[in-house]
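Please model the complete structure; the sequences and the hints are all you need to start from.
Residue numbers (the working numbering), protein chains in the order written: chain H, 1 to 230; chain S, 1 to 650.
Note that these hints are calculated values from the structure, not bench results. We put the CB at the ideal spot given by N, CA and C, even for glycine.
Restraint-style ranges between C-beta atoms, simulated for each label pair:
(1) L89/S with A165/H: 50 to 58 angstroms
(2) E226/H with T417/S: 13 to 21 angstroms
(3) A153/H with A447/S: 36 to 44 angstroms
(4) Q164/H with T417/S: 25 to 33 angstroms
(5) A447/S with I152/H: 32 to 40 angstroms
Some but not every residue of chain S turned toward chain H, in silico, with C-beta under 7 angstroms:
(6) L178
(7) I222
(8) I388
(9) L389
(10) L400
(11) S426
(12) T427
(13) P429
(14) A430
(15) S431
(16) L487
(17) D489
(18) A490
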Amino acid sequence: MFKVLDSAVPVACWSCSVGHSDSTLFCPHCSKIQPPPGGDYFTVFGIDPHLNLDLHALESEFHRLSRRLHPDRFARALDNEKEWSLADTALLNDAYRTLKDPIRRTEYLLKLEDAVPAESATGKDRKDVSRVPADLLEEAFELNMQLEEMRIARKTGEDDPALQASLEEAKTKYSALLAAVDVDLRNEWRAWDAGNEATRPSVQKKMVGLLDRRRYLSNLVRDVNEVLGA
Amino acid sequence: MAEGRVVGIDLGTTNSLVAYMQGEAPVVIPGADGGNLVPSVVALDPMPNPVPPDGFRPTITVGNTARRALIETPERVIYSVKRLMGRGLEEVQAELKLFPFHLADDVEAGEVPRIQLGEMKFTAPEISAYILRQLKRNAERYFGAPVTAAVITVPAYFNDAQRQATKDAGRMAGLEVLRLVNEPTAAALAYGLDRAKEGTIAVYDFGGGTFDISILKLRDGIFEVQSTNGDTHLGGDDIDNLLLMIALGEIFAEHGVDLRSNPGAVQAVRKAAIEAKIALSTELEARFDIELPNGDRYQREIPRDVFEMLIEPVLERTAGPCRQALTDAGITPEQIDEVVLVGGSTRIPAVRKLVDDLFHLSARGKKPHTELNPDEVVALGAAVQADILAGESKSTEQMLLLDVTPLSLGIEALGGTVARIIQRNSTIPASATEHFTTGVDGQTNVAIHVVQGERELAADCRSLARFDLKGIPPMSAGLPRIEVKFLIDADGILHVTAREQRSGKEAQIEVKATYGLTDEQVESMILDSFDNAEADFAKRLLIEARNEAETILTAVEKAPQSAAWALLTEDEKLKINVARDYLVTTKLGVDPSAIREATLILDHATRRFAELMMETAVSTAIRGKTMDTASEEMGEAVTAPHAMAPAEFK
Numbered sequence: 001m002f003k004v005l006d007s008a009v010p011v012a013c014w015s016c017s018v019g020h021s022d023s024t025l026f027c028p029h030c031s032k033i034q035p036p037p038g039g040d041y042f043t044v045f046g047i048d049p050h051l052n053l054d055l056h057a058l059e060s061e062f063h064r065l066s067r068r069l070h071p072d073r074f075a076r077a078l079d080n081e082k083e084w085s086l087a088d089t090a091l092l093n094d095a096y097r098t099l100k101d102p103i104r105r106t107e108y109l110l111k112l113e114d115a116v117p118a119e120s121a122t123g124k125d126r127k128d129v130s131r132v133p134a135d136l137l138e139e140a141f142e143l144n145m146q147l148e149e150m151r152i153a154r155k156t157g158e159d160d161p162a163l164q165a166s167l168e169e170a171k172t173k174y175s176a177l178l179a180a181v182d183v184d185l186r187n188e189w190r191a192w193d194a195g196n197e198a199t200r201p202s203v204q205k206k207m208v209g210l211l212d213r214r215r216y217l218s219n220l221v222r223d224v225n226e227v228l229g230a
Numbered sequence: 001m002a003e004g005r006v007v008g009i010d011l012g013t014t015n016s017l018v019a020y021m022q023g024e025a026p027v028v029i030p031g032a033d034g035g036n037l038v039p040s041v042v043a044l045d046p047m048p049n050p051v052p053p054d055g056f057r058p059t060i061t062v063g064n065t066a067r068r069a070l071i072e073t074p075e076r077v078i079y080s081v082k083r084l085m086g087r088g089l090e091e092v093q094a095e096l097k098l099f100p101f102h103l104a105d106d107v108e109a110g111e112v113p114r115i116q117l118g119e120m121k122f123t124a125p126e127i128s129a130y131i132l133r134q135l136k137r138n139a140e141r142y143f144g145a146p147v148t149a150a151v152i153t154v155p156a157y158f159n160d161a162q163r164q165a166t167k168d169a170g171r172m173a174g175l176e177v178l179r180l181v182n183e184p185t186a187a188a189l190a191y192g193l194d195r196a197k198e199g200t201i202a203v204y205d206f207g208g209g210t211f212d213i214s215i216l217k218l219r220d221g222i223f224e225v226q227s228t229n230g231d232t233h234l235g236g237d238d239i240d241n242l243l244l245m246i247a248l249g250e251i252f253a254e255h256g257v258d259l260r261s262n263p264g265a266v267q268a269v270r271k272a273a274i275e276a277k278i279a280l281s282t283e284l285e286a287r288f289d290i291e292l293p294n295g296d297r298y299q300r301e302i303p304r305d306v307f308e309m310l311i312e313p314v315l316e317r318t319a320g321p322c323r324q325a326l327t328d329a330g331i332t333p334e335q336i337d338e339v340v341l342v343g344g345s346t347r348i349p350a351v352r353k354l355v356d357d358l359f360h361l362s363a364r365g366k367k368p369h370t371e372l373n374p375d376e377v378v379a380l381g382a383a384v385q386a387d388i389l390a391g392e393s394k395s396t397e398q399m400l401l402l403d404v405t406p407l408s409l410g411i412e413a414l415g416g417t418v419a420r421i422i423q424r425n426s427t428i429p430a431s432a433t434e435h436f437t438t439g440v441d442g443q444t445n446v447a448i449h450v451v452q453g454e455r456e457l458a459a460d461c462r463s464l465a466r467f468d469l470k471g472i473p474p475m476s477a478g479l480p481r482i483e484v485k486f487l488i489d490a491d492g493i494l495h496v497t498a499r500e501q502r503s504g505k506e507a508q509i510e511v512k513a514t515y516g517l518t519d520e521q522v523e524s525m526i527l528d529s530f531d532n533a534e535a536d537f538a539k540r541l542l543i544e545a546r547n548e549a550e551t552i553l554t555a556v557e558k559a560p561q562s563a564a565w566a567l568l569t570e571d572e573k574l575k576i577n578v579a580r581d582y583l584v585t586t587k588l589g590v591d592p593s594a595i596r597e598a599t600l601i602l603d604h605a606t607r608r609f610a611e612l613m614m615e616t617a618v619s620t621a622i623r624g625k626t627m628d629t630a631s632e633e634m635g636e637a638v639t640a641p642h643a644m645a646p647a648e649f650k
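What follows is the structure, given as C-alpha cells:
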C-alpha cells in the first residue's frame, strides 16, 4: 500500500530488526507500528502528488489508517508504541486535513515544490501579508472606504440605503470574481497533474498568483459579509 | 496500562456517574444507596464538640449525604465545582459571587485558587478527586475488585487547563485516566452502539453548568467529529440562579427579609427554585411556598409561559454556538440527519422547541433522540469508550472515535496579535511545527506565549502557557533556528518539544502553565495513597459490607414495632428471623462477600414487609397524620428510603 521511495533512507524495524524504507508507518515484515516516517503528506496516503484527488478514496484510506494507528488502539501497548501511535496519528490527521481541502492542498504542494517565496519569517514574527492584485487596487481602496463608512454608520445607528445597496453590489461582484479564480485554479490543477518538470514551473507560478488573488478576494468578501450581516 | 476493568465516568456539574460495559451493553453502576446518580457535592462532616486536638481531620462525605448537609452547614459544603476547574483567580472570584462558598484568605495570584471549606482549604481538582474517589469506590464495591483505570468525560468546549485539571483530579483519586472524552461525543457513542448508522448527527448537550454542541459524521463505525462549539459557563445552574434572584428580590420587597446573609436559607430557596424548574417541565404552573425565618410564608405561582419568557435569554445563548458549529462543519440544518439531546436541561420544553427550530426538525417530520436517559447517556458512552480502549470486546472493535480540538491554538506574535498554528475543529491528535529565531546578537533565550481562543489579540485569548527556550548557542541575531513542535494529544492536551537546528542541540524548555498545578503539587494531593493497597482494599470492603449489614439489621430490629409487621404470616416472620440470625453470625466473620450474601438474603426475606410498610405509610398519611409523624413511628425506614433497598453486587 505504501509507496517505497527510492530516496527513502532504509531503517531497521525496532521490533523485528528487518530493514525497511523510512517512509512507512508499519513494518512490512512484522506489521508493528513505526516512528513517524519521513516523506510528505501524499506519501502518508501512498499516493502521488496530485491536485485532483478522489476525496472519497482519501476518506476511506484515512479511516482505514486511523483504525490501525489511533492511540485508542494502543492503550495497552508498550510506551514507545504509544508515543509513535500519537505522533503517527497526528501526522495522518495533519495530512488528511491538508489534502482534503483544495486550497490547503494547493498551498502545500506549492511549498513542497519550493514554488512559494520562502516565508520571510515564521513563528511569532510571521504576518499574513496579502498583496493587492494590481487590477483591483483602485476599486478595493474605494470598497475599504465604504466598509469603514458603513461600520461608523452602524455604530451611530444611522441608515444609509445607498451605501447598503452599493455594498450589496460589491458583494455580488467580488463573490463572482472569487468563483472565477476557483475555476482558473481548477484548470491549473489539471495542467499541473498532466504536466512534467518542464511545464510545471510556469503552472506553479500561475497558481501562486491565483492563490494570492484568492486570499485577497476572500478577505474582501468576508469583510463585506461581516459589515452587511452586523 | 492497569489490569482489571476500565470504567467510564461522567464527572458532571450537578451529578456524577460511573458505568461499565456489561457484555454488549453499557450499564450504570449504582451506589450503596441504590441510586445511579451521585450528586457532585462534597461536604466536611461537622466538627465534633469539643473540638479535638490539632491534626484532627473531619470526615469528607460525597453525594446525597453531602447534599443534605447543604441546608444545615452550608459553609462546610461545596457543589458545582466543575465550574471552577482549570480557572484562574479572577475567574473564580467572579464565579463565586453566585455561590455560598468563598476563596481561602491566603490565596495568591498565580497559584491555583483554593476554596475555604469549614476549617480546610481545597483546590477544585481536589474536590473533584473526592467525587471521583466515591465513584471508584462504588465501582469497586459493585465488582468486589479494585478499579484503577477510567475514561472521564469533559465538556467538548473545555480548554487545555480545564482538561488538565480533570486529569489531575483523576490521578489524585488513584485513577489512571486512560482518556478524556468529550461529553457530546460520548453521548453519540452510546446512541450509535446498537445501530449501524450512517449520516450526520448533532448532539445538543445542555447540562447543569456547561453547554456543548457537536456535529459528527458516522461512517463504518467511525465517529468523526466535524465541529464543536459551546459555552463552559452556561447551564441549568443559570436558570436556577435566575429563579433564585427573583425569589430573593421578592422576599425582600414583600416581607422585608434579606436572606442573602443567611446561606442556609438561600440554599433552601435555591432548592425550591430547582423543584419549581423541574415541575415546570411537566406542569403548566409551579408554586413557591417557602417558610421564612421570621415565620412568614413566601408564596408565588409561576406559570410556565412566565418561566419561559424569563429563561429565554439563557436558552438563546445556546443558539449562537449551534449556528457556528453548522458553519464550521460546512453544512446547513437540513443536512443534519439526527439530533441527540443530552443533559438534564434538555427536559425543558422550551429547550426542545429551540432545538426543533434550530435544526428544522418537525418541519422535516423528525424528532430529536431522547430514548436514553439524558442524565445517564454520557456515562454510558464513557463506558463504551472504556471498552474500545480495553480492546477486548467484539461489540466495540469496529468503533473508533475521532474527535477535534474545540479552540484554535496560537502563539503571541509581534504587537500582541495571535498567529494561529492549529485551527479549531482540527482532528486530534494534531500537530504544528514552528520555527523561531533570535532578534538580538548573542541572545540565548526566546520567550514564547501560547494562547487558546479565536480572538485576534493574545490578550483576549486564554493564556495557556509561557515557554522559555533556553540554552540557545550565542549566535548573530536571526541565525539560530529553533524548531518547536506543538502536539495536541487525543485528550485535547498540549505538549511542546523544541530543538535548535543549527547546533543540533536540544533546546531546553521551561514550561510554565498559566493555570494549573505542578506535577509535585498533584503528587502531594493524592488522596490516601494507600487506597490501592490490596490489604487496605480488603479492609475497606469488609467495613462497607458490615455497615450495610448493620443498616438492614437496625431496620429489622425495629420492624416488630411497625403496624405492617402484624400483617406478615408466621412463615414470613420466621424466614426474617432466620435470615437475621444468619446475618448476625456471618457479620462476625471477615469475608465481605459472605456478609453481602447474607445481607441480600435478609433483604429478600424482608421485601414483602418493606412493601407493606410503604402501603401503611401512605394510608397513615391519608388518615390525617403527616408523613413526618408517620416516619417517626416507623423509625428510619421512610426517611432513609434505601435502608431496605437491595444491596447490589456481583
